[in-house]
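**Student:** The whole structure should be built from the sequences, with the hints applied where relevant.
Protein chains: 2
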Amino acid sequence: MLRSHNCGELKSSDINKTVTLSGWVQKVRDKGFIIWVDLRDRYGITQLVFDEKRSSKRVFETAKELSREFVIQISGKVIERESKNTELQTGNIELLVSELNILNASETPPFTIEDKTDGGEELRMQYRYLDIRRNNIRKNLIFRHKVTMEVRNYLNNKGFIDIETPYLIKSTPEGARDFVVPSRMNSGEFYALPQSPQTFKQLLMVGGIDRYFQIVKCFRDEDLRADRQPEFTQIDCEMSFVDQEDVLNQFEGLISHLIMEINNYKVGVFPRITYNEAINNYGSDKPDIRFDMKFGNITDKAKGKGFKIFDSEELIIGFSIKKGASFSRKEIDNWISWVKQPQIGAKGIVWVKYNEDKSLKSSVDKFYSENDLTEWIKIIDADPGDLIFILSGKTKKTLKQLGELRLAVAEKTGLRNPEIFAPLWVTDFPLLEWDEKSKRYHAMHHPFTSPKKEDLNLLNNSPEKVRANAYDLVLNGNEVGGGSIRIHDSKLQKQMFNLLGFSDEDAQSQFGFLMGAFKYGAPPHGGIAFGLDRLVAILGGKETIRDFIAFPKNNSGRDTMIDSPSLIEKPQLDELGLELKKI
Amino acid sequence: MLRSHNCGELKSSDINKTVTLSGWVQKVRDKGFIIWVDLRDRYGITQLVFDEKRSSKRVFETAKELSREFVIQISGKVIERESKNTELQTGNIELLVSELNILNASETPPFTIEDKTDGGEELRMQYRYLDIRRNNIRKNLIFRHKVTMEVRNYLNNKGFIDIETPYLIKSTPEGARDFVVPSRMNSGEFYALPQSPQTFKQLLMVGGIDRYFQIVKCFRDEDLRADRQPEFTQIDCEMSFVDQEDVLNQFEGLISHLIMEINNYKVGVFPRITYNEAINNYGSDKPDIRFDMKFGNITDKAKGKGFKIFDSEELIIGFSIKKGASFSRKEIDNWISWVKQPQIGAKGIVWVKYNEDKSLKSSVDKFYSENDLTEWIKIIDADPGDLIFILSGKTKKTLKQLGELRLAVAEKTGLRNPEIFAPLWVTDFPLLEWDEKSKRYHAMHHPFTSPKKEDLNLLNNSPEKVRANAYDLVLNGNEVGGGSIRIHDSKLQKQMFNLLGFSDEDAQSQFGFLMGAFKYGAPPHGGIAFGLDRLVAILGGKETIRDFIAFPKNNSGRDTMIDSPSLIEKPQLDELGLELKKI
Numbered sequence: 007m008l009r010s011h012n013c014g015e016l017k018s019s020d021i022n023k024t025v026t027l028s029g030w031v032q033k034v035r036d037k038g039f040i041i042w043v044d045l046r047d048r049y050g051i052t053q054l055v056f057d058e059k060r061s062s063k064r065v066f067e068t069a070k071e072l073s074r075e076f077v078i079q080i081s082g083k084v085i086e087r088e089s090k091n092t093e094l095q096t097g098n099i100e101l102l103v104s105e106l107n108i109l110n111a112s113e114t115p116p117f118t119i120e121d122k123t124d125g126g127e128e129l130r131m132q133y134r135y136l137d138i139r140r141n142n143i144r145k146n147l148i149f150r151h152k153v154t155m156e157v158r159n160y161l162n163n164k165g166f167i168d169i170e171t172p173y174l175i176k177s178t179p180e181g182a183r184d185f186v187v188p189s190r191m192n193s194g195e196f197y198a199l200p201q202s203p204q205t206f207k208q209l210l211m212v213g214g215i216d217r218y219f220q221i222v223k224c225f226r227d228e229d230l231r232a233d234r235q236p237e238f239t240q241i242d243c244e245m246s247f248v249d250q251e252d253v254l255n256q257f258e259g260l261i262s263h264l265i266m267e268i269n270n271y272k273v274g275v276f277p278r279i280t281y282n283e284a285i286n287n288y289g290s291d292k293p294d295i296r297f298d299m300k301f302g303n304i305t306d307k308a309k310g311k312g313f314k315i316f317d318s319e320e321l322i323i324g325f326s327i328k329k330g331a332s333f334s335r336k337e338i339d340n341w342i343s344w345v346k347q348p349q350i351g352a353k354g355i356v357w358v359k360y361n362e363d364k365s366l367k368s369s370v371d372k373f374y375s376e377n378d379l380t381e382w383i384k385i386i387d388a389d390p391g392d393l394i395f396i397l398s399g400k401t402k403k404t405l406k407q408l409g410e411l412r413l414a415v416a417e418k419t420g421l422r423n424p425e426i427f428a429p430l431w432v433t434d435f436p437l438l439e440w441d442e443k444s445k446r447y448h449a450m451h452h453p454f455t456s457p458k459k460e461d462l463n464l465l466n467n468s469p470e471k472v473r474a475n476a477y478d479l480v481l482n483g484n485e486v487g488g489g490s491i492r493i494h495d496s497k498l499q500k501q502m503f504n505l506l507g508f509s510d511e512d513a514q515s516q517f518g519f520l521m522g523a524f525k526y527g528a529p530p531h532g533g534i535a536f537g538l539d540r541l542v543a544i545l546g547g548k549e550t551i552r553d554f555i556a557f558p559k560n561n562s563g564r565d566t567m568i569d570s571p572s573l574i575e576k577p578q579l580d581e582l583g584l585e586l587k588k589i
Numbered sequence: 007m008l009r010s011h012n013c014g015e016l017k018s019s020d021i022n023k024t025v026t027l028s029g030w031v032q033k034v035r036d037k038g039f040i041i042w043v044d045l046r047d048r049y050g051i052t053q054l055v056f057d058e059k060r061s062s063k064r065v066f067e068t069a070k071e072l073s074r075e076f077v078i079q080i081s082g083k084v085i086e087r088e089s090k091n092t093e094l095q096t097g098n099i100e101l102l103v104s105e106l107n108i109l110n111a112s113e114t115p116p117f118t119i120e121d122k123t124d125g126g127e128e129l130r131m132q133y134r135y136l137d138i139r140r141n142n143i144r145k146n147l148i149f150r151h152k153v154t155m156e157v158r159n160y161l162n163n164k165g166f167i168d169i170e171t172p173y174l175i176k177s178t179p180e181g182a183r184d185f186v187v188p189s190r191m192n193s194g195e196f197y198a199l200p201q202s203p204q205t206f207k208q209l210l211m212v213g214g215i216d217r218y219f220q221i222v223k224c225f226r227d228e229d230l231r232a233d234r235q236p237e238f239t240q241i242d243c244e245m246s247f248v249d250q251e252d253v254l255n256q257f258e259g260l261i262s263h264l265i266m267e268i269n270n271y272k273v274g275v276f277p278r279i280t281y282n283e284a285i286n287n288y289g290s291d292k293p294d295i296r297f298d299m300k301f302g303n304i305t306d307k308a309k310g311k312g313f314k315i316f317d318s319e320e321l322i323i324g325f326s327i328k329k330g331a332s333f334s335r336k337e338i339d340n341w342i343s344w345v346k347q348p349q350i351g352a353k354g355i356v357w358v359k360y361n362e363d364k365s366l367k368s369s370v371d372k373f374y375s376e377n378d379l380t381e382w383i384k385i386i387d388a389d390p391g392d393l394i395f396i397l398s399g400k401t402k403k404t405l406k407q408l409g410e411l412r413l414a415v416a417e418k419t420g421l422r423n424p425e426i427f428a429p430l431w432v433t434d435f436p437l438l439e440w441d442e443k444s445k446r447y448h449a450m451h452h453p454f455t456s457p458k459k460e461d462l463n464l465l466n467n468s469p470e471k472v473r474a475n476a477y478d479l480v481l482n483g484n485e486v487g488g489g490s491i492r493i494h495d496s497k498l499q500k501q502m503f504n505l506l507g508f509s510d511e512d513a514q515s516q517f518g519f520l521m522g523a524f525k526y527g528a529p530p531h532g533g534i535a536f537g538l539d540r541l542v543a544i545l546g547g548k549e550t551i552r553d554f555i556a557f558p559k560n561n562s563g564r565d566t567m568i569d570s571p572s573l574i575e576k577p578q579l580d581e582l583g584l585e586l587k588k589i
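So the sequences go chain by chain: A and B.
Quick note on my numbering: the first sequence kicks off at 7 and runs consecutively.
Quick note on my numbering: the second sequence kicks off at 7 and runs consecutively.
Please note: incorrect hints may appear among the correct ones.
One copy or two, either will do: identical chains are not told apart, so a pair holds if it fits within one copy or between any two.
[Said to hold, decoys possible] Within a straight-line C-alpha distance of at most 35 angstroms, the following computed DSBU-like cross-link-like pairs (lysine-lysine) qualify:
no., residue 1, residue 2
1, Lys402, Lys587
2, Lys459, Lys70
3, Lys418, Lys402
4, Lys525, Lys33
5, Lys311, Lys384
6, Lys459, Lys346
7, Lys587, Lys576
8, Lys59, Lys311
9, Lys164, Lys145
10, Lys418, Lys292
11, Lys152, Lys525
Worth flagging that the hints you see were computed from the coordinates, not collected in a lab.
**Tutor:** And the structure:
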């Protein structure tokens with residue numbers, strides 16, 4: 007080893023030891039007759055001293071050449087530091103250098119390697135290897151490692167077996183777009199990269215593996231929204247001989263364990279609400295329940311009182327903001343402008359202030375009596391000092407708008423506290439959703455999700471009403487996991503494919519292997535998959551997944567560091583039997 | 007859960023308990039008035055009893071329908087078994103069934119789900135999900151899981167951080183052929199799947215991560231030889247501020263630990279030999295040292311004695327076979343035919359029997375005296391009772407032929423014992439090898455391997471003589487790992503690319519990011535990668551990696567279960583801006 011110790015471990019008890027360290031020059035302070043250098047590695051920072059009197063001339067002269075990000079190896083004696091630095095692990099000591107060896111010089115880096123850097127996102131991505139040297143990013147990557155180790159050891163202890171499923175699989179048109187991989191040995195044919203190992207984990211259950219997990223890369227060729235990646239990582243799990251209750255309990259255990267081990271934060275039993283409750287109470291299928299602000303539906307109470315805007319609308323609904331009665335007129339106006347922006351698209355907000363002295367003031371005082379407003383307050387559950395925001399319109403749209411408003415107000419008022427963890431199960435998702443564009447039903451989760459037994463009779467005539475044995479785990483307003491009990495009956499699976507518009511031949515050619523497998527004794531099974539990138543980000547108190555990925559891609563799916571994707575040579579295309587389409 | 011216990015855990019102490027089990031019907035023995043069923047799951051087998059007298063009519067009638075691989079759930083009372091089965095974990099008890107629920111029927115499987123199955127390789131691959139139900143395959147997959155858990159926990163304890171590197175990277179013509187992935191969002195451009203995360207792990211070292219590991223899928227689009235897979239798994243590791251000695255010690259620790267934990271087998275300090283020693287002593291860069299049979303070079307002693315065949319050859323070399331003097335003439339003739347087969351291509355074997363009574367008998371008695379042969383025996387290190395096999399010819403070819411013969415004889419005489427583990431470091435590989443086809447040097451390991459300091463002066467004039475800081479870990483005659491100390495200097499890296507025939511522009515466009523990174527303070531670093539599939543197979547006492555992969559591909563790179571690769575639809579090609587070449 008080019009070191010006897012690392013840069014984070016020397017303490018008072020090491021004083022007078024002769025040690026060797028290697029690392030990067032973080033900072034040089036040259037006073038002419040004395041030079042201090044902060045030496046950095048993954049483990050910490052140690053202060054080096056080069057002294058005209060106490061160091062050899064050769065060493066002192068070489069030290070004069072040092073500059074930021076040089077890689078050096080030094081030997082020297084640990085001495086007591088005069089002005090101790092309590093913020094540094096090694097703040098009680100410094101190192102009087104007797105040998106200095108420049109292992110590699112460095113040009114001036116394009117941005118400063120500091121917690122607060124002067125480098126913009128784009129520059130930092132292009133030089134990601136330098137960005138990773140910064141504490142923030144390095145700590146995030148180590149944090150991610152800790153989470154995955156905990157996940158693996160927890161699941162291993164529960165009898166889950168880590169099994170690798172293939173990456174070169176088969177393209178299917180259901181779901182998002184696949185990345186494909188041309189096959190040279192089978193010219194004209196393509197593999198696809200997995201969007202998830204869904205069918206393979208089900209086949210492992212058919213194969214009697216009983217409990218499976220894998221932390222695995224998945225791929226989706228979607229137009230990237232902010233903070234989406236074309237390749238992402240899943241904690242993928244599946245169990246046999248279980249019903250929904252078993253899966254929820256098993257993985258509630260995992261997530262509680264993680265939050266305790268990683269964040270030292272105790273969460274109780276996870277609340278559970280149905281999809282319908284989530285939509286009606288929070289305007290979202292992934293409600294953030296770190297705060298309350300539950301919706302109250304006042305449609306019945308608010309209609310027919312002469313306020314034309316409400317009278318003509320389908321839904322009138324609101325929530326209360328704790329201590330919001332103190333909002334200024336200007337603040338309220340800002341929120342009204344906020345909901346009017348095209349991304350939200352509401353026409354305005356009706357508001358009611360329920361003052362500390364229990365007096366009431368609203369933007370619709372002309373139309374509603376104090377009694378009316380008191381009824382609203384009861385339904386919306388406001389206390390003295392609160393402010394109520396109300397939106398109205400078409401049901402689906404209004405719920406969504408109010409959900410967005412709820413989040414924005416919570417964000418602004420500091421309720422989205424990253425140190426609080428509020429997990430939530432959302433259950434009973436619809437099995438199908440109607441897609442206007444393709445004029446057919448799509449699977450809300452995926453085509454392998456089992457309908458609820460009690461809704462099976464609706465499958466032919468009212469398929470949109472059928473609920474699935476499907477569930478999401480929501481953490482602080484983010485969907486971090488989702489799963490279902492699967493279909494294990496080949497006839498039901500075939501019926502499902504038909505509902506989704508597959509012809510028998512298409513179903514057979516694309517999923518014949520799965521329906522075939524179901525004919526040879528498939529056990530009842532179900533599972534869940536967690537989005538590791540997002541889960542780690544939230545546990546780390548952030549919402550940007552990119553900060554927890556070593557080498558992320560930008561919003562056009564490019565890796566600007568290695569400059570990929572890129573052109574390939576014609577002979578390579580020829581070998582694959584492909585040509586680029588002329589435009 | 008659809009069970010209270012699994013099929014492997016009920017014991018005498020559970021007698022009289024009422025339990026619920028779920029699993030597969032392994033076997034039905036119907037005696038008319040009594041039916042025994044072996045119920046199987048991942049954990050074991052439990053014997054069920056259906057009795058005309060003691061079971062309800064309904065249950066007994068349903069039991070009559072049961073057949074192999076039906077999935078059932080049963081409840082019943084644990085009772086003592088009359089004829090105990092000591093080979094079964096649960097052999098002391100059986101279950102008198104009171105409730106029977108058929109969870110899923112099964113058609114007759116295409117092969118029997120037994121340790122010794124009647125299904126051929128091809129059929130079993132097509133129905134891999136059924137093959138996995140067999141003990142052998144399931145045990146292999148669980149074994150693999152145990153190995154990977156041990157690897158992760160060991161490396162985590164040593165301060166290595168598991169970091170995921172990207173799968174959608176950039177195609178480079180160096181090395182094997184890449185699988186490429188067309189980019190839809192960047193039309194006409196391609197990603198490539200990684201052949202290994204080599205450059206990324208080096209960038210992590212530049213990024214100060216210090217110790218990295220990852221168990222990661224890699225991809226090579228090669229024409230498949232037997233037992234190669236287009237996607238395979240590596241244990242990929244890298245360390246900073248190390249020299250070769252540190253890497254060897256670190257990973258010798260890992261492999262010793264695995265062999266102890268997994269196989270309860272103690273290996274001592276790993277022997278080390280150089281590449282040249284390996285070739286000269288064993289005719290292979292991955293010698294199997296579970297047995298000795300080291301080569302002895304008798305060229306000097308055997309030439310000039312009038313035996314023309316030897317007189318005209320470059321190399322005369324042999325090894326001794328313990329107790330081989332008892333080989334019959336026919337056996338020896340068989341070996342002579344064996345070396346003459348085209349895959350080996352030798353002209354014959356010269357043999358010497360050193361009998362127990364110390365008398366000598368050889369196939370060249372006409373030309374060599376007892377004194378001559380005694381000299382050979384000393385060099386080749388034979389004891390009384392041994393047989394010596396000698397080949398001659400061009401040096402490189404002869405060494406290879408003798409290496410093959412050595413392995414074949416060892417195999418035949420039972421020396422390749424899968425229960426013995428003999429690891430070996432092979433070091434000092436040549437940096438480059440000349441490629442006749444492309445008329446240029448190729449990197450023997452990869453272009454990032456550092457030359458030995460003491461050979462740097464040979465780099466310009468005798469590049470073929472330069473040795474690399476490169477090493478392989480060989481286990482029982484298989485290369486299970488390989489690595490090197492890397493170049494961390496941008497100038498040396500550029501020189502290396504030039505030696506490999508890269509123009510400056512090509513080097514820049516393909517590896518500019520790496521050479522750029524080396525300008526900002528790259529630390530000395532090195533690492534290793536293990537082929538997990540092979541390592542697991544050898545630890546598991548087998549040499550076929552396919553048995554340790556859940557869903558392997560066949561020799562044409564096809565997954566016959568899901569029927570992939572396959573055609574994709576024209577609209578999908580259009581979106582990618584591609585067309586198939588007309589042939």
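**Student:** Among all the numbered hints in the text so far, which are the ones the structure does not match?
**Tutor:** 1, 6 and 8
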